[in-house]
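Visitor: Just so you know, the protein sequences line up as chains A and B, in that order. Here the first sequence is numbered in the numbering used here, starting from 258 and rising by one per residue. Here the second sequence is numbered in the numbering used here, starting from 227 and rising by one per residue.
Please note that the accuracy of each hint is not assured.
[What the hints assert, rightly or not] Ranges between beta-carbon positions, derived for each pair:
| # | chain 1 | residue 1 | chain 2 | residue 2 | range |
| --- | --- | --- | --- | --- | --- |
| 1 | B | H271 | A | E287 | 54 to 60 Å |
| 2 | B | H253 | A | N628 | 43 to 49 Å |
| 3 | B | V276 | A | D807 | 40 to 46 Å |
| 4 | A | E327 | B | G328 | 56 to 62 Å |
| 5 | A | T746 | B | S236 | 57 to 63 Å |
[Unchecked claim] Below, a list of computed lysine to any residue pairs in the SDA-like style, where the Cα atoms sit at most 20 Å apart:
| # | chain 1 | residue 1 | chain 2 | residue 2 |
| --- | --- | --- | --- | --- |
| 6 | A | K449 | B | H271 |
| 7 | A | K879 | B | G275 |
| 8 | A | K879 | B | S236 |
Source of the hints: derived by calculation from the structure; they are not laboratory data. These numbers come from a predicted model, not from an experiment. We put the beta carbon where it would ideally sit given N, CA and C, even for glycine.
Residue-level listing of the chains:
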Amino acid sequence: MKKITSVCPYCGAGCKLKLVVENNKIIRAEAAPGVTNQDQLCLKGYYGWDFLNDTRLLTPRLTQPMIRYEKGGKFVPVTWEEAIRYTARRLSEIKAKYGPRAIMTTGSSRGTGNETNYVMQKFARGVLHTNNVDCCARVCHGPSVAGLQETLGNGAMSNSISDIENSKCLLIFGYNCADSHPIVARRVIKAKQNGAKVIVCDPRKIETARIADRHLQLKNGCNMALVNAFIYTLLDEHLYNSDYVAQYTEGLETLRETVSEYAPEAVESITGVSAQQIRQAMRIYAAAPSATVMWGMGVTQFGQAVDVVKGLATLALLTGNLGREHVGVGPVRGQNNVQGACDMGVIPNQFPGYQDVTDPQVREKFARAWNIDPALMDDQVGVRITEVPHLALEGKIKAYYIMGEDPLQTEADLGLVRKGFEALDFVVVQDIFMTKTAEMADVLLPATSWGEHAGVFTCADRGFQRFEKAIEPKGNVKRDWEIISLIATAMGYPMHYRDNQHIWDEMRELCPLFYGVTYEKMGDMGHVQWPCPTLDHPGTPWLYEGNRFDTPSGKGQLFAAKWRRPAEVPDADYPLVLCTVREVGHYSCRSMTGNCAALQTLADEPGFVQMNPQDAAAAGIKDRQLVWVSSRRGKVISRADVNERINKGAVYMTYQWWIGACNELTQDNLDPISKTPETKYCAVKIDAIADQNWAENYALTTYNAMKSRLREAVDS
Amino acid sequence: MNRFIIADASKCIGCRTCEVACVVSHHEEQDCASLTPQTFLPRIHVIKGVNVSTATMCRQCEDAPCASVCPNGAITRDNDFVHVHQERCIGCKTCVVACPYGAMEVVVKPVVRSMGSGLNVVSEKAEANKCDLCYHQPNGPACIQACPTNAIVCIDRNALEQLSLEKRRRAALDDISSLML
Chain A
258 MKKITSVCPY
268 CGAGCKLKLV
278 VENNKIIRAE
288 AAPGVTNQDQ
298 LCLKGYYGWD
308 FLNDTRLLTP
318 RLTQPMIRYE
328 KGGKFVPVTW
338 EEAIRYTARR
348 LSEIKAKYGP
358 RAIMTTGSSR
368 GTGNETNYVM
378 QKFARGVLHT
388 NNVDCCARVC
398 HGPSVAGLQE
408 TLGNGAMSNS
418 ISDIENSKCL
428 LIFGYNCADS
438 HPIVARRVIK
448 AKQNGAKVIV
458 CDPRKIETAR
468 IADRHLQLKN
478 GCNMALVNAF
488 IYTLLDEHLY
498 NSDYVAQYTE
508 GLETLRETVS
518 EYAPEAVESI
528 TGVSAQQIRQ
538 AMRIYAAAPS
548 ATVMWGMGVT
558 QFGQAVDVVK
568 GLATLALLTG
578 NLGREHVGVG
588 PVRGQNNVQG
598 ACDMGVIPNQ
608 FPGYQDVTDP
618 QVREKFARAW
628 NIDPALMDDQ
638 VGVRITEVPH
648 LALEGKIKAY
658 YIMGEDPLQT
668 EADLGLVRKG
678 FEALDFVVVQ
688 DIFMTKTAEM
698 ADVLLPATSW
708 GEHAGVFTCA
718 DRGFQRFEKA
728 IEPKGNVKRD
738 WEIISLIATA
748 MGYPMHYRDN
758 QHIWDEMREL
768 CPLFYGVTYE
778 KMGDMGHVQW
788 PCPTLDHPGT
798 PWLYEGNRFD
808 TPSGKGQLFA
818 AKWRRPAEVP
828 DADYPLVLCT
838 VREVGHYSCR
848 SMTGNCAALQ
858 TLADEPGFVQ
868 MNPQDAAAAG
878 IKDRQLVWVS
888 SRRGKVISRA
898 DVNERINKGA
908 VYMTYQWWIG
918 ACNELTQDNL
928 DPISKTPETK
938 YCAVKIDAIA
948 DQNWAENYAL
958 TTYNAMKSRL
968 REAVDS
Chain B
227 MNRFIIADAS
237 KCIGCRTCEV
247 ACVVSHHEEQ
257 DCASLTPQTF
267 LPRIHVIKGV
277 NVSTATMCRQ
287 CEDAPCASVC
297 PNGAITRDND
307 FVHVHQERCI
317 GCKTCVVACP
327 YGAMEVVVKP
337 VVRSMGSGLN
347 VVSEKAEANK
357 CDLCYHQPNG
367 PACIQACPTN
377 AIVCIDRNAL
387 EQLSLEKRRR
397 AALDDISSLM
407 L
């Protein structure tokens, strides 16, 4: 029996754990003394590893390369040589015929780790010569990255997960940590016990709202109006730190003007929050000796998201809550390595280490290091994943190389995404599971999973942590970066890496921000936070020392914007707001947690639609009954979870369900800057189903039919 | 006095880690990978209301109504907890009705019975299912160890006295300080 150190592959909390292994089988997971988790895990950490055994509870593992030679045909198992040769040939043909920008690639924010993401963006930029590389940060914290880079200079949490408990005030906006990061929720509870004031802004009575000093139960879709009213109050009541603002920020007068129409009294009808509550919340926030703003998808998954992020950063700037311990801005990243995917440059505008693709000197540096002609490098910002369906339909994107992502489950408006996929000439999916996206591929490249390889992840607070290999993979699978290297080599660019560290060290040499983060420094339980520019640098627990911001002028940029209404508001036909949320027991597209016995037992298809008892009664729906949920784009079956924590007029679903797939209903009103879809807001209706026996039978047979279809696709 | 487990609602986040920990702890091989909906029979239950999230389980009552009403003497007090002797349980459910906390459940488990001469038959066995403080575990109750927010605690005579003492002190001192104002 041996114990292998790893990092949990689910949320961004970065929990260190030990996998107990016997005869190449994991027998249990134990909590380890990591910096962020301190010997604690949640249920996903403890019971979320048995998908590695190919349980087929939801969908099977991919165990051999396969090709679908003709559209609509069957998958044919092939050798790795054939899979690589075919993929390289097809990609080369498309590149030659339509140009490099006709090919889209993705990194992966999940279990593959930073090394693979570095190699993938190198493949896109150095071999294909396109900046068309992106990851699912686009549909989650993309707006936080864009908004914070502009206002403060860095797109990540300015503080540390372990320091949250020392803050004297937490302003939690659109962030349900109990469901999305239980191990961060633990820090919030500790902060409360340490005497912190907790202010929660959320339409639902979430777990944190229960223990909050103030719960501002705002209406869905009015974030900017509320943030403007916050800013208005800070200025109006002179609650802001005028010395700090004068010394370290810019834009006060424009800010004052922008928020002039957003007095708390003036926005009561928009936000549904009384002026008194808004003013009291800001008095508490401004009076606290240290205050931290935390937010999640409730801020970022709107058509107006970047603006709200900038507004939240402005609250911190106005009150001087940056540049020291116990304060800051915390967009808590969702997936275990979504911070890392961004760090490694699987974003269309920046190389690894947040170096701009539009900067000729940066391009030259990378081109020289990679031994290619700088003139071949793409000098324009590439395509975002959310734009792919539209560009495919316009004929501008022809090939899509998807690694460790499941857009046909996780993107908004799946009907549109499917049409986009149909318009593509060539789809390569590299994954560990037969997802709904993998099912549509022309080439399937099976990869090793978390647990079967080692590497480095970056957790939500910029902390690099190593994870080790626990078991040998079964099946004819390869490490993700090895597959990419083989394709690159077959396309005429020889790419060979010995191991993870070989890639890591090449990356460090090119990224001043990460240069000091060596394998030795990270060690077994280490957590090294960027910036870490030199070998003797210990890492940076909080950003902006001396209140120097990484903006062109070195000053924090104050910002507010007029509130914009969501794109599709409820009407007589579709009277309810649908907002997509998280549930604690499953993760992302559920291909991993759905194949874990304990987690699947706790919650299974067709999933739940959370609704207020009054809305349920009006529609004649009882708790736990199956219902139809429909929007202008689709209709799915789901199970009613009627409870009083839900605000009237809105319903909530989770995107992890494959039968009750809420993304069939959502719409893609993209934020103009970050191109993040508005999955937190669209209009739906709910219909009761009179014959519940029929409904149960329908849900079960649809589920079973899907499962056997996916199994057949693998076993062909 | 019996020890008992209780959850602090101000720390509970309703994540149900305790429920899985309980099931795994009472699983023969301690293996989370072989759980099924049929064998998922937690003795601790997470309950959520508008203002409360917490976990409920057996209070290990001193004068336990479940033990008093059991017609077959299957429930006794052993080692500071209320213990169900499954081999004597007949599945009559009287204890379920008697328990004021809803902590007792009668569940049906698949078992393999040997019929002699190598013949094994799968049949069902009813069991009265409730918290046994994981008396079989060297490290004590699994839910307490697994809870990510340390919301679940075990209370014994000392802990209870400490709790009361603190409350008395708070009540007395807080009242006086407010009167002085």
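Visitor: Lying within 40 to 46 Å: is that true of the beta-carbon distance B:V276 to A:D807?
Guide: 44 Å Cβ-Cβ, so the 40 to 46 Å window holds.
Visitor: Take the C-beta atom of A:T746 and the C-beta atom of B:S236, compute their distance, and say whether it sits inside 57 to 63 Å.
Guide: holds (58 Å)
Visitor: Under the criterion that the straight-line Cα-Cα distance not exceed 20 Å, is the pair A:K449, B:H271 satisfied?
Guide: Roughly 25 Å separates the two Cα atoms, so the pair is violated.
Visitor: Quick check on a hinted range of 56 to 62 Å for A:E327 and B:G328, using CB atoms only.
Guide: Because 60 Å falls inside the window, the suggested range holds.
Visitor: When you check the alpha-carbon spacing of A:K879 and B:S236, does it fall within 20 Å?
Guide: violated (29 Å)
Visitor: Taking the Cβ atom of B:H271 and the Cβ atom of A:E287, is their distance within the range 54 to 60 Å?
Guide: Hint violated: Cβ distance 25 Å, outside 54 to 60 Å.
Visitor: Against the 20 Å threshold, does the CA-CA distance of A:K879 and B:G275 hold or violate the hint?
Guide: Answer holds: A:K879 to B:G275 is near 17 Å, not above 20 Å.
Visitor: Quick one: are B:H253 and A:N628 within 43 to 49 Å, going by C-beta?
Guide: About 56 Å separates the Cβ atoms of B:H253 and A:N628, which means 43 to 49 Å is violated.
Hint compliance for this structure: hints 1, 2, 6 and 8 are not met, and every other hint is.
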